[in-house]
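Kindly produce the complete structure, drawing on both the sequences and the hints.
So the protein lines, in turn, are chains D and W.
Count the first sequence with numbering that gives the first Met the number 0 and you get residues 0 to 189, in order.
Count the second sequence with numbering that gives the first Met the number 0 and you get residues 0 to 599, in order.
These aren't lab readings, by the way, just hints derived from the structure by calculation.
There could be a bad hint or two in this list.
Computed list of lysine-lysine pairs in DSBU-like fashion (alpha-carbon distance at most 35 Å, straight line) [said to hold, decoys possible]:
#  : chain 1 : residue 1 : chain 2 : residue 2
1  : D       : K52       : W       : K262
2  : W       : K289      : D       : K52
3  : D       : K79       : W       : K298
4  : D       : K62       : W       : K298
5  : W       : K298      : D       : K52
6  : D       : K169      : W       : K593
7  : D       : K183      : D       : K79
8  : D       : K176      : W       : K1
9  : W       : K474      : D       : K169
10 : D       : K176      : D       : K62
11 : D       : K169      : W       : K1
12 : D       : K52       : D       : K79
A few chain W residues that face chain D, going by a derived Cβ cut-off under 7 Å, partial list only [stated by the list, open to error]:
#  : residue
13 : H164
14 : T167
15 : Y240
16 : N308
17 : T310
18 : L311
19 : R349
20 : P350
21 : P351
Glycine included, every Cβ here is placed at the ideal spot set by N, Cα and C.
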Amino acid sequence: MVLTGVGGQGNVLSARVLAETALSMGYDVKTSEVHGMAQRGGSVICMVRWSEKVHSPLIPSGKAHFLLAFELLEGLRSLKYLSGEGTAIVNNYRMDPLPVLRGDAVYPENALESIRSCAARTVELNARELAASAGNTRAAGSCLLGALSLFLEFPVGAWEEAISRYVPPKAREVNLKAFALGRKSGPGAS
Amino acid sequence: MKRTLLSGNEAVALGAYGAGVRVAAAYPGTPSTEILEELSAHPDVYCEWSPNEKVALEVGIGACLGGARSLVAMKHVGLNVAADPWMTLPYIGVNAGLVLVVADDPGMHSSQNEQDSRYYARMARVPLLEPADSQEAYEMVGMALDLSERYDTPVLLRIETRISHSRTVVEYREERRQVDLPYEKDPVKRVMIPGHARLRHPVVVDRLEGLEREAESFPFNQGELRSSRVGIVTSGVCYQYAREAFPEASILKLAFIYPLPEKTIREFASHFHRLYVVEEMEPYLEEGLKALGLDVVGKARIPRVGELNPTLVGESLAELIEMDTGIRGGGWTPPSAHAGISPEAELPSRPPVMCPGCPHRGLFYALSRCKAVVSSDIGCYTLSVLPPLEGIDCQVCMGASVGMALGLERAFSTSNTNAEKAGKVVGVLGDSTFIHGGITGLIDMVYNRTVSTIIILDNRTTAMTGFQDHPGTGKTIMGEETHALDLVELCRAVGVESVRVIDPWDLEESEKVIREEIGSGHTSVIISRRACVLLERRGGVCYRVDEEECTGCKRCLRLGCPAVVMRGEVAVVDEDLCVGCSMCAQVCRPGAIKEVGDAD
Numbered sequence: 000m001v002l003t004g005v006g007g008q009g010n011v012l013s014a015r016v017l018a019e020t021a022l023s024m025g026y027d028v029k030t031s032e033v034h035g036m037a038q039r040g041g042s043v044i045c046m047v048r049w050s051e052k053v054h055s056p057l058i059p060s061g062k063a064h065f066l067l068a069f070e071l072l073e074g075l076r077s078l079k080y081l082s083g084e085g086t087a088i089v090n091n092y093r094m095d096p097l098p099v100l101r102g103d104a105v106y107p108e109n110a111l112e113s114i115r116s117c118a119a120r121t122v123e124l125n126a127r128e129l130a131a132s133a134g135n136t137r138a139a140g141s142c143l144l145g146a147l148s149l150f151l152e153f154p155v156g157a158w159e160e161a162i163s164r165y166v167p168p169k170a171r172e173v174n175l176k177a178f179a180l181g182r183k184s185g186p187g188a189s
Numbered sequence: 000m001k002r003t004l005l006s007g008n009e010a011v012a013l014g015a016y017g018a019g020v021r022v023a024a025a026y027p028g029t030p031s032t033e034i035l036e037e038l039s040a041h042p043d044v045y046c047e048w049s050p051n052e053k054v055a056l057e058v059g060i061g062a063c064l065g066g067a068r069s070l071v072a073m074k075h076v077g078l079n080v081a082a083d084p085w086m087t088l089p090y091i092g093v094n095a096g097l098v099l100v101v102a103d104d105p106g107m108h109s110s111q112n113e114q115d116s117r118y119y120a121r122m123a124r125v126p127l128l129e130p131a132d133s134q135e136a137y138e139m140v141g142m143a144l145d146l147s148e149r150y151d152t153p154v155l156l157r158i159e160t161r162i163s164h165s166r167t168v169v170e171y172r173e174e175r176r177q178v179d180l181p182y183e184k185d186p187v188k189r190v191m192i193p194g195h196a197r198l199r200h201p202v203v204v205d206r207l208e209g210l211e212r213e214a215e216s217f218p219f220n221q222g223e224l225r226s227s228r229v230g231i232v233t234s235g236v237c238y239q240y241a242r243e244a245f246p247e248a249s250i251l252k253l254a255f256i257y258p259l260p261e262k263t264i265r266e267f268a269s270h271f272h273r274l275y276v277v278e279e280m281e282p283y284l285e286e287g288l289k290a291l292g293l294d295v296v297g298k299a300r301i302p303r304v305g306e307l308n309p310t311l312v313g314e315s316l317a318e319l320i321e322m323d324t325g326i327r328g329g330g331w332t333p334p335s336a337h338a339g340i341s342p343e344a345e346l347p348s349r350p351p352v353m354c355p356g357c358p359h360r361g362l363f364y365a366l367s368r369c370k371a372v373v374s375s376d377i378g379c380y381t382l383s384v385l386p387p388l389e390g391i392d393c394q395v396c397m398g399a400s401v402g403m404a405l406g407l408e409r410a411f412s413t414s415n416t417n418a419e420k421a422g423k424v425v426g427v428l429g430d431s432t433f434i435h436g437g438i439t440g441l442i443d444m445v446y447n448r449t450v451s452t453i454i455i456l457d458n459r460t461t462a463m464t465g466f467q468d469h470p471g472t473g474k475t476i477m478g479e480e481t482h483a484l485d486l487v488e489l490c491r492a493v494g495v496e497s498v499r500v501i502d503p504w505d506l507e508e509s510e511k512v513i514r515e516e517i518g519s520g521h522t523s524v525i526i527s528r529r530a531c532v533l534l535e536r537r538g539g540v541c542y543r544v545d546e547e548e549c550t551g552c553k554r555c556l557r558l559g560c561p562a563v564v565m566r567g568e569v570a571v572v573d574e575d576l577c578v579g580c581s582m583c584a585q586v587c588r589p590g591a592i593k594e595v596g597d598a599d
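What follows is the structure in structure tokens.
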């Protein structure tokens with residue numbers, strides 16, 4: 000499972016919630032996170048793996064079952080990890096990086112289509128708007144996790160417990176709401 | 000036993016707590032920072048952010064001599080700073096155990112170089128352990144401290160980014176050992192005058208014999224025999240990559256890697272014609288194996304630069320192993336290619352940027368208008384090297400900008416070719432790095448009467464590593480209030496004639512002061528003071544562009560603020576991102592950017 004986005008979008012926290020949920024189900028779990036300079040608005044990739052036994056915390060190219068893209072360009076950048084049989088859950092949100100803002104580079108117009116063409120299944124969400132309706136745009140990660148949860152066998156209670164435990168207390172309610180909204184607007188979209 | 004998911008850094012901290020560490024010291028540095036942060040949650044461990052890594056190690060040395068188990072943590076380049084005490088510590092030995100945890104950063108996620116710390120163990124002749132996941136990191140801290148006490152030597156525990164920042168399952172014990180050893184004076188052993196050091200050097204060398212025996216019986220060295228044809232030797236997180244890439248291969252995973260366990264290696268090697276060594280960065284294991292006369296392939300195939308991953312390990316060795324053994328792809332399954340995927344290289348990059356409202360942006364914008372030659376060092380502000388600010392000429396390590404400014408000025412002032420640059424050199428560094436390594440350079444500058452301007456970017460924290468306190472903030476890692484170092488008084492005490500404080504959000508004033516000081520003809524210090532915006536947001540206001548008044552001149556874009564973008568022919572401020580710093584409004588000539596109440 001690859002979670003990808005832009006530093007500051009809450010990608011690392013969502014990876015944590017997913018990992019703790021998988022752990023609570025008794026799996027061996029490994030994650031890989033990004034800290035430090037790369038967090039200052041740069042590309043951020045987190046990986047979460049769970050199974051009976053996991054070796055590498057890094058996922059080999061083409062072996063991820065899920066790609067959770069917090070932003071379109073970043074989804075495209077990490078597409079190489081997604082298996083041909085994999086599912087992409089995409090926040091339909093564009094955030095121009097500095098080279099694009101400055102006019103030195105062009106934002107790929109067909110990002111969503113490229114993701115669709117590579118993934119066996121693509122779920123598209125306006126996670127930012129959903130999160131806003133839950134109370135805060137910063138809870139978009141929980142919307143995406145909500146959509147993801149429909150594909151996994153983890154019970155809703157396990158997700159909610161992980162959110163309650165690892166999201167800072169003042170953002171807890173908003174994130175629980177965002178998770179529920181994401182779950183409601185999940186598959187069926189495509 | 001309890002079961003939990005821990006990052007390698009958290010596991011190191013938990014292991015240290017259980018092993019009875021009473022004193023821990025560090026200077027923050029990605030990827031090592033969280034070790035001390037985690038450990039400081041335990042009030043029965045004295046933890047400190049030291050001014051730099053050398054002091055951190057010296058604190059650890061004092062503590063272990065004083066009978067307390069101690070842990071010192073740093074990133075790879077920090078060990079360069081601490082190298083002086085590090086090289087003589089093995090001579091004097093320890094009393095209670097001392098473990099130095101060093102975190103390397105292959106791939107340079109957040110570092111200026113890609114050095115391989117394993118050579119620091121070999122150079123100092125200190126035992127070196129390397130865990131392959133958080134469980135091993137947890138266990139090895141205690142084992143390192145036991146080893147340290149039994150052999151009267153410091154121990155180096157080497158981790159790296161993918162250990163530090165990967166979470167893996169850890170089963171741990173809820174216990175804390177009590178280690179409190181008596182202090183006895185022993186100057187022949189602990190005072191390294193040449194006469195004593197000559198007596199101690201043989202001890203350092205002779206110690207290795209016993210350590211070699213320890214390495215042979217170290218429980219985390221694991222030989223896994225599967226394939227009779229493919230034998231891989233590896234250590235650390237690379238074990239996980241090799242295991243994943245070649246699931247059928249036999250693997251010798253080494254965890255005690257200095258001194259190397261020769262018998263263990265030879266026994267494993269006896270099953271194979273040739274061994275493949277999987278390691279990141281330098282050919283450290285490969286050299287060790289080659290010195291044993293073994294047929295080994297490592298860096299001839301595996302990249303010496305950058306970070307490895309399972310795919311890269313598979314790609315690098317598949318063809319060779321197939322040639323050697325006839326096994327298809329050596330047992331590696333390549334990923335199936337996606338159709339129509341945009342090659343990564345064609346996608347626009349997304350470099351990290353300074354945050355909206357970052358005080359460094361104001362300072363570098365003002366500085367860039369003064370046409371100075373700028374030496375810099377390590378911090379968020381180093382990002383101003385990128386367009387559009389492009390405000391830095393050179394940078395090497397923490398604190399170096401001051402000495403480099405001095406050298407540049409001396410080169411220019413004795414030059415015919417570059418004479419016009421003389422007197423226009425500016426050294427820039429952060430508050431934390433000034434204390435870390437800049438203050439001695441400033442003393443040099445005053446002492447040797449050099450005309451340069453030093454700008455201290457005082458954002459009241461160590462921002463890039465995640466807001467750690469330092470001697471200037473008035474708070475310790477344990478959360479105690481303490482004396483806050485007064486940078487103005489400090490610079491004056493050093494002998495700097497002119498020390499001025501500016502607010503970098505005030506662009507006009509900042510530029511005026513910088514110009515005055517550059518032209519002043521003496522050593523001067525400007526303290527650019529405003530707290531990091533991530534610490535203190537300015538609430539209640541943000542800025543909006545009046546589309547009627549915007550001429551589309553793009554002057555505001557020269558700030559490189561991610562909140563200011565062009566939409567068609569006019570500029571737009573993203574009100575979600577804007578923190579109300581007003582800098583874009585200050586640079587806007589037609590006055591089209593206006594303050595409004597916060598969108599909230």
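Verification of the hints:
| no. | hint | in the structure |
| --- | --- | --- |
| 1 | D:K52 x W:K262 | holds (30 Å) |
| 2 | W:K289 x D:K52 | holds (33 Å) |
| 3 | D:K79 x W:K298 | holds (26 Å) |
| 4 | D:K62 x W:K298 | holds (26 Å) |
| 5 | W:K298 x D:K52 | holds (29 Å) |
| 6 | D:K169 x W:K593 | holds (32 Å) |
| 7 | D:K183 x D:K79 | holds (29 Å) |
| 8 | D:K176 x W:K1 | holds (31 Å) |
| 9 | W:K474 x D:K169 | holds (25 Å) |
| 10 | D:K176 x D:K62 | holds (31 Å) |
| 11 | D:K169 x W:K1 | holds (29 Å) |
| 12 | D:K52 x D:K79 | holds (23 Å) |
| 13 | H164 | holds (5 Å) |
| 14 | T167 | holds (5 Å) |
| 15 | Y240 | holds (5 Å) |
| 16 | N308 | holds (5 Å) |
| 17 | T310 | holds (4 Å) |
| 18 | L311 | violated (9 Å) |
| 19 | R349 | holds (4 Å) |
| 20 | P350 | holds (6 Å) |
| 21 | P351 | holds (4 Å) |
When held up to the earlier numbered hints, the structure conflicts with hint 18 and nothing else.
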